[in-house]
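Participant: Work the whole structure out from these sequences, hints included.
Spelled out, the chains give:
2 protein chains.
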Amino acid sequence: MTIPEKVINRLTMYHFILEDMEGSEKYVSSTKFANFLNIDNSQVRKDLKYVDNQGKCRVGFEVESLKRKIEECLGFKKTKDVFIIGAGNLGSALAKYDSFNDYGLNVIAMFDKDLKKIGTTINGKKVFDIVKINELTGKMGVKTAILTVPREFAQEVASYVAKSGIKYIWNFTTCILDVPKDVKVWNENLIGSFLQFTQNDNDI
Amino acid sequence: MTIPEKVINRLTMYHFILEDMEGSEKYVSSTKFANFLNIDNSQVRKDLKYVDNQGKCRVGFEVESLKRKIEECLGFKKTKDVFIIGAGNLGSALAKYDSFNDYGLNVIAMFDKDLKKIGTTINGKKVFDIVKINELTGKMGVKTAILTVPREFAQEVASYVAKSGIKYIWNFTTCILDVPKDVKVWNENLIGSFLQFTQNDNDI
DNA sequence: ATCTTATTGGGAATTTAATCACAATTTGAT
DNA sequence: ATCAAATTGTGATTAAATTCCCAATAAGAT
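Chains as they are written, first to last, in numbering that gives the first Met the number 0: chain A, 0 to 203; chain B, 0 to 203.
It is possible that some hints are incorrect.
No distinction is drawn between identical chains; accordingly, a pair holds when it is met within one copy or between any pair of copies.
No more than 25 Å apart at the CA atoms, straight line, and that leaves these computed lysine-lysine pairs for DSS-like [as the list claims (entries may be wrong)]:
| hint | residue 1 | residue 2 |
| --- | --- | --- |
| 1 | Lys-31 | Lys-180 |
| 2 | Lys-95 | Lys-125 |
| 3 | Lys-125 | Lys-142 |
| 4 | Lys-166 | Lys-31 |
| 5 | Lys-31 | Lys-162 |
| 6 | Lys-31 | Lys-183 |
| 7 | Lys-116 | Lys-95 |
| 8 | Lys-125 | Lys-112 |
None of these hints come from the bench; they were simulated from the model. Computed from a predicted model, the values in this text were never measured in an experiment.
Facilitator: In structure tokens:
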């Protein structure tokens with residue numbers, strides 16, 4: 000069953016909440032989730048229909064089993080191997096971001112063109128020369144790359160990376176990439192996200 | 000006029016594209032934007048209706064004027080002051096992220112509780128003791144904080160920050176925050192974003 | 001001058017997402 | 001045993017977002 004993207008996003012947030020409740024509370028209601036996220040409680044119940052878990056009238060949803068069901072449903076325990084392209088500030092921060100591991104996102108290696116960075120290790124992830132990506136993509140069967148290079152190199156690097164066999168690019172740069180049709184790009188547009196957040200409030 | 004959030008996000012991406020075209024091309028068509036972002040071209044034209052800029056039949060939209068209009072419309076030139084709470088990997092990376100400046104996002108100062116970090120300077124931004132935030136929020140009139148502390152401290156720090164007068168929290172942690180009603184939280188859920196990207200592709 | 005083609009603008013239709021409303025259920029209190 | 005309250009599940013409704021469609025326009029070719 001394919002779950003709508005927005006539902007996936009909310010399910011991960013319910014999981015964050017469950018993480019905090021586990022151990023201290025046995026049940027949680029849709030209203031509790033709804034209040035945390037400022038959404039309608041029936042929305043929550045509809046979302047939870049996607050994971051195979053039913054609530055109890057007058058009581059709510061069982062914390063532990065719901066948490067486990069979301070994990071199964073979204074594959075948190077399934078390892079998703081990725082490369083990080085660009086061992087700069089953001090790339091390094093993401094390499095050190097432990098929450099990725101908790102959700103199955105496994106950084107296999109990093110790539111850069113800076114000789115001072117190549118050969119070093121960041122949080123246990125080795126930094127390779129970008130020209131090695133072709134060889135390593137094939138050898139390790141990695142299909143996903145996180146792109147964190149400076150804007151001015153983003154297009155060039157993305158094209159290079161696409162040629163190596165990478166099929167999914169999670170793009171953290173402010174460059175909109177032009178890549179072959181068989182490569183899927185997901186723009187993590189932080190600027191846009193901030194503006195969505197603040198745009199309709201004039202006192203920022 | 001309030002612009003829907005999704006439109007705001009796409010407008011910033013059109014701007015990214017225009018940034019690359021400026022100087023080399025005079026006109027751009029809705030189809031060109033649409034192809035870059037894999038969306039329908041009439042969607043692009045409807046988005047562009049929100050900024051006061053009309054296209055020319057058979058030619059498209061003028062690159063320079065459209066770029067300028069988007070900037071005006073979304074307030075890229077208007078300074079938006081923010082604090083970064085948490086001078087760890089992600090906080091430091093965001094403090095060094097120059098694209099923020101280009102879009103008017105101005106990091107005024109950083110806060111942490113680690114004595115080794117307090118007093119240092121990251122990309123020109125001074126790191127203060129978190130207990131100073133109350134004083135500085137008032138003095139500098141800052142209303143927005145970027146939260147990048149470790150998950151286990153997120154709720155505690157968010158409550159503290161909210162008490163200082165901060166009204167907007169851009170939350171990069173994997174903790175869903177419980178804050179007073181007059182504080183608006185925007186969850187930058189990277190885990191959820193990644194799963195939205197990859198969930199319906201089974202070969203990751 | 002006429003034709004072809006690329007493009008906009010915008011109405012209509014469709015699809016997707018969110019909200020509302022309420023019956024059914026279950027718990028705990030009286 | 002009865003009643004009040006909290007909660008789920010879901011059908012109906014509303015709202016928002018996207019796509020489809022095509023007339024109108026203007027550029028460039030013939």
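Participant: Now tell me, hint by hint, if it's right for this structure.
Facilitator: Hints versus structure:
no. : hint              : result
1   : Lys-31 / Lys-180  : between (42 Å within a copy, 15 Å between copies)
2   : Lys-95 / Lys-125  : both (12 Å within a copy, 23 Å between copies)
3   : Lys-125 / Lys-142 : within (18 Å within a copy, 40 Å between copies)
4   : Lys-166 / Lys-31  : between (39 Å within a copy, 22 Å between copies)
5   : Lys-31 / Lys-162  : between (47 Å within a copy, 23 Å between copies)
6   : Lys-31 / Lys-183  : between (36 Å within a copy, 17 Å between copies)
7   : Lys-116 / Lys-95  : both (16 Å within a copy, 18 Å between copies)
8   : Lys-125 / Lys-112 : within (13 Å within a copy, 30 Å between copies)
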